[in-house]
Amino acid sequence: MNIKKISILISIFLIFSLGLTAQDAFGFLPKVNVSTKFSKLKWANSLATRHSLYEKENEIFQHQYVLADFTSIVSTKILHNKTIYGGYMLRSKEGEFIHRLIQRFAWVQRLETARLGHRFGIDQTFAPENDMVFRMRYRILLEKSLQGEKVNPQEFYLKLANEYLLAFKETAQPEARLIANIGYELNPRSKLELGLDNRFSDFTNNSLQYKIWLTLTWFTSFSSSAKKKL
Amino acid sequence: MNFYFIIFLMLLFFLPNCLFAQEKFEQEKRIAASEVPSLARQSIEQCSFNKKINWYQESSQDGTTYEAKTKYQKHRYSIEFSKDGDLLDIEKNINFLKINATIKQTLQKSFDQKFKSYKIIKTQAQFKTSNSNLSAKIFEIAKKEITPKIYEIVIKAKEQSDWQSYEILIDSNGKILRQSKIIERNTDNLEF
Numbered sequence: 001m002n003i004k005k006i007s008i009l010i011s012i013f014l015i016f017s018l019g020l021t022a023q024d025a026f027g028f029l030p031k032v033n034v035s036t037k038f039s040k041l042k043w044a045n046s047l048a049t050r051h052s053l054y055e056k057e058n059e060i061f062q063h064q065y066v067l068a069d070f071t072s073i074v075s076t077k078i079l080h081n082k083t084i085y086g087g088y089m090l091r092s093k094e095g096e097f098i099h100r101l102i103q104r105f106a107w108v109q110r111l112e113t114a115r116l117g118h119r120f121g122i123d124q125t126f127a128p129e130n131d132m133v134f135r136m137r138y139r140i141l142l143e144k145s146l147q148g149e150k151v152n153p154q155e156f157y158l159k160l161a162n163e164y165l166l167a168f169k170e171t172a173q174p175e176a177r178l179i180a181n182i183g184y185e186l187n188p189r190s191k192l193e194l195g196l197d198n199r200f201s202d203f204t205n206n207s208l209q210y211k212i213w214l215t216l217t218w219f220t221s222f223s224s225s226a227k228k229k230l
Numbered sequence: 001m002n003f004y005f006i007i008f009l010m011l012l013f014f015l016p017n018c019l020f021a022q023e024k025f026e027q028e029k030r031i032a033a034s035e036v037p038s039l040a041r042q043s044i045e046q047c048s049f050n051k052k053i054n055w056y057q058e059s060s061q062d063g064t065t066y067e068a069k070t071k072y073q074k075h076r077y078s079i080e081f082s083k084d085g086d087l088l089d090i091e092k093n094i095n096f097l098k099i100n101a102t103i104k105q106t107l108q109k110s111f112d113q114k115f116k117s118y119k120i121i122k123t124q125a126q127f128k129t130s131n132s133n134l135s136a137k138i139f140e141i142a143k144k145e146i147t148p149k150i151y152e153i154v155i156k157a158k159e160q161s162d163w164q165s166y167e168i169l170i171d172s173n174g175k176i177l178r179q180s181k182i183i184e185r186n187t188d189n190l191e192f
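Sequence lines, in order, name chains A and B. Be aware that the first sequence starts at 1, since it is given in our numbering, and climbs by one per residue. Be aware that the second sequence starts at 1, since it is given in our numbering, and climbs by one per residue.
Simulated from the structure, these hints should not be mistaken for laboratory data. Among the clues, some could well be false.
Stated by the list, open to error - Straight line, CA to CA, 27 angstroms or less: simulated DSSO-like cross-link-like pairs of lysine-lysine:
1) B:LYS109 to A:LYS40
2) B:LYS119 to B:LYS92
3) A:LYS144 to B:LYS92
4) B:LYS158 to B:LYS98
5) B:LYS175 to A:LYS82
6) A:LYS37 to B:LYS119
7) A:LYS144 to B:LYS114
8) B:LYS114 to A:LYS82
9) B:LYS158 to A:LYS82
10) B:LYS74 to B:LYS98
11) B:LYS158 to B:LYS144
12) A:LYS40 to B:LYS114
13) B:LYS116 to A:LYS40
14) A:LYS144 to B:LYS119
15) B:LYS181 to A:LYS144
As the list claims (entries may be wrong) - Beta-carbon label-pair distances, calculated as ranges:
16) B:ALA32 to A:LEU160: 19 to 29 angstroms
17) A:THR76 to B:GLN179: 21 to 31 angstroms
18) A:LEU214 to B:ASN131: 49 to 59 angstroms
19) A:ALA127 to B:SER110: 51 to 61 angstroms
What the hints assert, rightly or not - Chain A residues, not near chain B, derived (Cβ > 10 angstroms throughout):
20) MET132
21) ASN162
22) SER221
Please read these numbers as outputs of a predicted model, since none were measured by experiment. In this text, a Cβ means the ideal position worked out from N, Cα and C, and glycines have one as well.
Go ahead and model the full structure; you've got the sequences and the hints to work with.
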């Protein structure tokens, strides 16, 4: 990695970290995603937990386990770079179970020196004693190698994403996310990503809510390897 | 749900992955011009490209090669050298639609027979010459004064039920010389 790239990286993280002093909450989001392929179907399971480390309301730094999400998604390619997904998420929060049905469509574009991913999704959330909540979301994501034209095993990459969520519920507010990750490809089946997930909501009535999550995600697969790359 | 139980589950996921990690791959990494064999560097310097030259070292089971990548007259060029700096080939990115009509028809017929569906991802024209003639050859290629003897085409095709990427080498008559499967990078981190 050269000096120019390191400077760009540091700048990006500094920009993202500027908000650390002004956020309403700060926490940690570890996640593991395991996928495997059966013929034309890919099955991905993930386990994510959420930990609150700081809340402006109480003005204290304290570790507090918030929730755990288990997600199982099946996908299939409908075109060479377009995939549809269907899945289910089980959320365990404060002793209650919340269920979510997920439908998505993703499109990955291979640029000359980067990969661009678009993801459109809808989901339906079912919580005890609550009406079903319908949400729509869109995410655009760019992955760029930091050590060459393409990412190779044992190399770093940068991943930037922007996501918008809209919930169809009276009290719900739209949410925007700005995400910056540094990724490391451990081997062709496995990647580790560390980043900051900045979530903005309630920006319609002058009471912006700003939360930052430190994310650590491990993607692993039991089906693919890479000898030559596109 | 117990937090420590979740951590334990994550560790369980991690263990089998470590067992799969021992493999050898073709790898391309960006390098400084100073790390390139001097013969290769000098050959490129003689070409007086206006755009920046990016150097890459490619390692595979077949050995190590060096590649200079640049843009010249709106086309991407990739010039490959051996580990001693001898010129191996020149590749120019071209539009598939602009290749010779007869070759295109032969290929399209061949692809239609082989695959249920396909999409051309990348087309490169391949040329050979010597180190000393590189500059003149690049000029001829740019002026389209010579036709390539070999084309390298990357396609994404559906043979049976799933989509697969292939790298196909064809000669100037449209005859397929070699077809190899490209195993692509996992896209989980872009999708989930």
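task: Would you list, in rising numerical order, the hints stated earlier that this structure does not obey?
output: 5, 7, 11, 22
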